[in-house]
Amino acid sequence: MAFSVPVRLGAAENTLIEQLNSAGAAATAERISVAGLPTRRVESYHYTDLKTLLRSVPPLADQNDTLDAFLKSGATPFHVEGAHQITIANGAVAYDDNAPAGVIVGKAEGNALSTRDDVLVHLNTALAKESLTLTIENTIEQVIQIDRRIEGEAAHVLDSAKIFVADNASVTILETLSSSDAAHVGNHATYLAVGRNTVVTHIVIDLSPRAATQFSTSEYTIADGAKLRTVTIHAGAALSRSQIFARFTGEGAHGDFTGLNLVEDGQHNDITIDIRHGVANTTSQELYKQIARGRSKAVFQGKIVVERDAQKTDAKMMMQGLMLSNEAEILSKPELEIYADDVVCGHGSTCGELDEDSMFYLMSRGIPKAEAETMLVRGFIEEVLDPVENEALAEALHGVVDRWLLGKAG
Amino acid sequence: MTTPILEIRNLHARIEDREILKGVNLIIPPGEVHAVMGRNGSGKSTLSYVLAGKEDYEITEGEVLLDGENLLEMEPAERAAAGLFLAFQYPIEIPGVATMTFLKAAMNAQRKARGEGELSTPDFMRAVKTAGTDLHIDTDMLKRPLNVGFSGGEKKRAEVLQMALLQPKMCILDETDSGLDIDALQVVSKGVNALRNAGRSMLVITHYQRLLNHIIPDVVHVFSDGKIVESGDKSLALQLEAKGYADFDNAAA
Ligand SMILES: Nc1ncnc2c1ncn2[C@@H]1O[C@H](COP(=O)(O)OP(=O)(O)O)[C@@H](O)[C@H]1O
Ligand SMILES: [Mg+2]
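From first to last, the protein sequence lines are chains P and V. Under my numbering, the first residue of the first sequence is numbered 7, with each subsequent residue one higher. Under my numbering, the first residue of the second sequence is numbered 443, with each subsequent residue one higher.
One chain only, chain V, in its complex shape (with noise of 0.2 angstroms):
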């Protein structure tokens, strides 16, 4: 058997008193992309943010492998070079970084921890200008700070042209819909579609269907109160439209 792009095993995690993630178990293959859908406040972002490894959280049971690594041992930057990307639900607006520094700071920084070398301008404006052009991104956006002053749409535009750069084996994308119109909902879909690869593996969390009429998933899970209470195909996304998350409550009790 393939090594499964992300593997999370019994993983429990909490901040300060509160346990929020209460055993998750999930296995995504290499190219295969899981949707995980559950209502506001189940610990969806807090699963994203353990993954990525923001501090906060205190990890108390469980691991979580990486294409056969230990993930959790890593620090924040080291996960992102093994090709762990995580689009966030709100991303962080950084005045006085310009964006365009800080993509190449980027795509540097994981390139030296690969053992590459650094990428020659021209290259770098070649890759973001195509990469941006089908996101609809005018490299006037890139000039300002990053995610400063940006629209939701921009934002979360700006989310996906980093993956597009980053190329990462392992995407996350949080709430990704969250904040879109009907026609950016369509450009970042796209975009997002376009990633998909054989060796690429996605997570998507959403609580609506809808993304998922764009980005079609392989797997659909059921999030409730910190864990997975049932899996499916992309039908159970319509089920959960149709009944609500009330049903799968029971299951998770």
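Okay, chain P solo, but in the shape it has when bound (with noise of 0.2 angstroms):
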């Protein structure tokens, strides 16, 4: 039978037990010495087997040496006009005094996710050194920019932050990821406890080179009366997996959950969500969107689970696909466990090119073709970036989206 023959490690799985055994996580070099990386057998890496994909991982990053360095340069791969930035670069945490009422920030030993039988996660928890810690007490106007980048020569590097939205405060918060040229392996952490009548948006862009490896898992509480909007974007990396895991915990409380999967020739890209209604009168909105060209595969596997006593429960997940090209693979995973008797809860899929008629009524216009397809993928992605209300942010954001458009991005 196959699970009693020894899984064949390879290069990739050997760094990581001998990086995982060097910082005394022995438990998690233990359970991927017997189980090996995931494959598609395993149910939540169904399109994007880690075992095959991952083929190599650089030596972990000496923290010390590269955050200098990157202080020095005072690189910012993403600027927001009048965001207050706070860089982790190669896993350290760097900020100055200056934030701005009401965010207080620090560090933390250790990482910031809770447990949770994922192996990237197990690897973010035995290998992150440090967190950093946010505390957002009130309404904060200013973008929060957590700039997470990797500088250097090729480099694992495990980060993470932890982020406490107080009672009736709201903020939003922008994550990017980035990185220098080369064939990095990120693997980013985030915990956010979204308060009480909050309102928050959590913005996470991967904006590494082609070269690179990204890995993101953003784990998310929601009390009562919050809101909160997600928005993931791939723009980045040939290898790339997002999480998203979310709980409700507390009454009336809403969550968008949105993202816009961008992948071009070459590039596996996968956005994984898990939402929990864990009590009664939640609602939540999941909404992405897949565009794939060239020889690539677009990843969406979306996971709603309503828990026996989230009565009322309203959740609806769509996903949208476009195929720019024939080679492409756009792949999508809904899946509704459901185990409360009084609730909505739906999901769709579509999948399709840019629609004929509506190419030709531009064309007829005298828009050019390539001009009329970047109307049509723009018009198609406005309904994830328009609800972003900060203008210099949703500005930003259009422009990662024209840059990729562009052949530009990463």
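What the hints contain is simulated information worked out from the structure, not anything from laboratory work. Certain hints may be false.
Restricting the straight-line Cα-Cα distance to at most 25 angstroms, the calculated cross-link-like pairs of lysine-lysine (BS3-like) are [claimed, not checked]: (1) V:Lys-676 to P:Lys-375; (2) V:Lys-676 to V:Lys-632; (3) P:Lys-322 to P:Lys-309; (4) V:Lys-554 to P:Lys-375; (5) V:Lys-496 to P:Lys-375; (6) V:Lys-464 to V:Lys-546; (7) P:Lys-233 to P:Lys-322; (8) P:Lys-375 to V:Lys-685; (9) P:Lys-375 to V:Lys-632; (10) V:Lys-554 to V:Lys-611; (11) P:Lys-375 to V:Lys-464.
Taking the hints as your guide, dock the two standalone chains into a single complex.
As structure tokens, then:
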């Protein structure tokens, strides 16, 4: 039987085991030596067979060297007018004391995620040395940008951020993932506690170069009356996976979980979400748009769980795919797990090419083909970007998409 | 003799295995308004799409000249920049593209193709406001996504607005009267008439005579089974209205 035969470990797995052992994380090392990285047979990695896709893992980053180098260079990959920036470079947290009033920045040992049986989470828990801690005490107008970057030679970087948004506060947090042009493996973790009656927007954009592999996990707990909007944008790494794990813990809360998976030739990008309605009277909408061109693979796995006590849950999930080439693959796996009886839940999924009649209409007005395509693609993603209220931020996000459309992303 | 704005010679077109245009001949000199009348399914919209360059059709025979240039060799956007405009029978709704953004993109694309500079935003706004006022179009409507949620009348007015802004030399209006109540019909016709001038020609496609009381044609053509079977002055439209198309079907046979 398959499970009685020890799995054959590849280069990536051997490096990970070594790194885990050297960090004293014997238990995690042991799990990987026994099970290997997840294959398609592991349900949550069905379309992203990490064992095959992750060929090698570079050495763990030396935080101190690179942080100094970076702080001297002062480069910013993605600038949003007026944003307050905090940097995590090669896993090390860097900030100065000029944070806006009501924003408390600090750092703590270890990692921010709760325990969860997922290999990327295990790795982050075992190897991330410190976490940025961020407390938002009231209404913050300035966008708070967490600039997570990997500098220097190819490195395996695991970093972590723990964010508390206090009751009645509101904030927009932007996380940008970027790196120097090398075969890095990034593994970024964020835990976000969304307090009561808060209004929170949390945006994560992957802007890393094609050489890089990028993993990110965002975990949310959502308290009573909170309004959370998340936006996940992939516009970078050759291999990436963003995981969103959210749980509603207070009544009357609403979550909009949204994202853009922009995938081009040679890329495999995955957005996997797991949204749990744990108490009564909460609502969520999930809207993910995937655009693929060239020979590429875009993956969306969406799971909504309505727990037994979560009566009156209203959850609607939608995935829309746009194929810009015949070789592209857009995959979508929606799942609803419902244990309460008085709920409204649904999911839908569509996939198509650019609408020919729309193309013809635009061209018949003198708009050349390439420009007409761009207009329609922009129109397609607008539903995701439109709700972002901060104007400078919305403009920067449109810029990311436009650069991707012009083939200059990453 | 002056070059006609539009000259169609023996145009045949098919979709899949079905021939729909079966030898259309038509000459429209500068400044003239020609009406094409024919019953539903006779191929009028097909003619308009073939002229505008829609891909679905295979042209098996014939040629079309726009102001002396070979129209059928051009891409749809090139045809537009060369001065062809089609007011669609069913304007397409495009969610996510704001009408204003679209109008500006279209105007600038055509200017660019003709080697002219980009329109400044104030000039653009002014042009839209002027053209919009005549057509009773308020700016709120233009902030909405293109044609999305527009009523039938709003869609048709938006088509004429585009025509006014793009200043084409050859306008094709496909059933611009359909879905309009009498007030809207008057507004739209007035908008179209305001664009009539000595250098601009129009092809007005309709299957009702009523539109031609408002937009008075120089020539009326009867279209049946993929070709023009009879031409005459505006009284031909009245004759059609009175007798129906049946008489002309024989002419086509
Ligand atoms: N995409 C298409 N595929 C197949 N047949 C079509 C298509 N479009 C139009 N036709 C057919 O071509 C004929 C002419 O249609 P159309 O040009 O729309 O006529 P009209 O505008 O005069 O009502 C009709 O019989 C119609 O069914
Ligand atoms: Mg028609």
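Okay, the hints, checked on the actual structure:
This hinted pair does not check out: Lys-676 (chain V) and Lys-375 (chain P) have alpha carbons roughly 39 angstroms apart, beyond 25 angstroms. Distance restraint check for Lys-676 (chain V) and Lys-632 (chain V): the Cα-Cα separation of roughly 18 angstroms lies within the 25 angstroms cut-off, and the hinted pair is therefore satisfied. For the given pair, Lys-322 (chain P) sits about 11 angstroms from Lys-309 (chain P) by alpha-carbon distance, which is consistent with the 25 angstroms threshold. Of the pairs offered as hints, the one joining Lys-554 (chain V) and Lys-375 (chain P) holds, with about 14 angstroms between alpha carbons and a cut-off of 25 angstroms not exceeded.
Annotation: proposed proximity of Lys-496 (chain V) to Lys-375 (chain P) holds, straight-line Cα distance about 13 angstroms (limit 25 angstroms). Distance restraint check for Lys-464 (chain V) and Lys-546 (chain V): the Cα-Cα separation of roughly 38 angstroms exceeds the 25 angstroms cut-off, and the hinted pair is therefore not satisfied. Using a Cα cut-off of 25 angstroms, the hinted pair Lys-233 (chain P) and Lys-322 (chain P) holds, with the two alpha carbons roughly 16 angstroms apart. About 45 angstroms separates the Cα atoms of Lys-375 (chain P) and Lys-685 (chain V), which puts this hinted pair outside 25 angstroms; it is violated.
The suggested pairing of Lys-375 (chain P) with Lys-632 (chain V) is violated, with an alpha-carbon distance near 33 angstroms, which exceeds 25 angstroms. At most 25 angstroms may separate the alpha-carbon atoms for a hinted pair to count; Lys-554 (chain V) and Lys-611 (chain V) meet this at roughly 17 angstroms. The suggested pairing of Lys-375 (chain P) with Lys-464 (chain V) is violated, with an alpha-carbon distance near 30 angstroms, which exceeds 25 angstroms.
Hints 1, 6, 8, 9 and 11, counting from the list given before, are not met by this structure.
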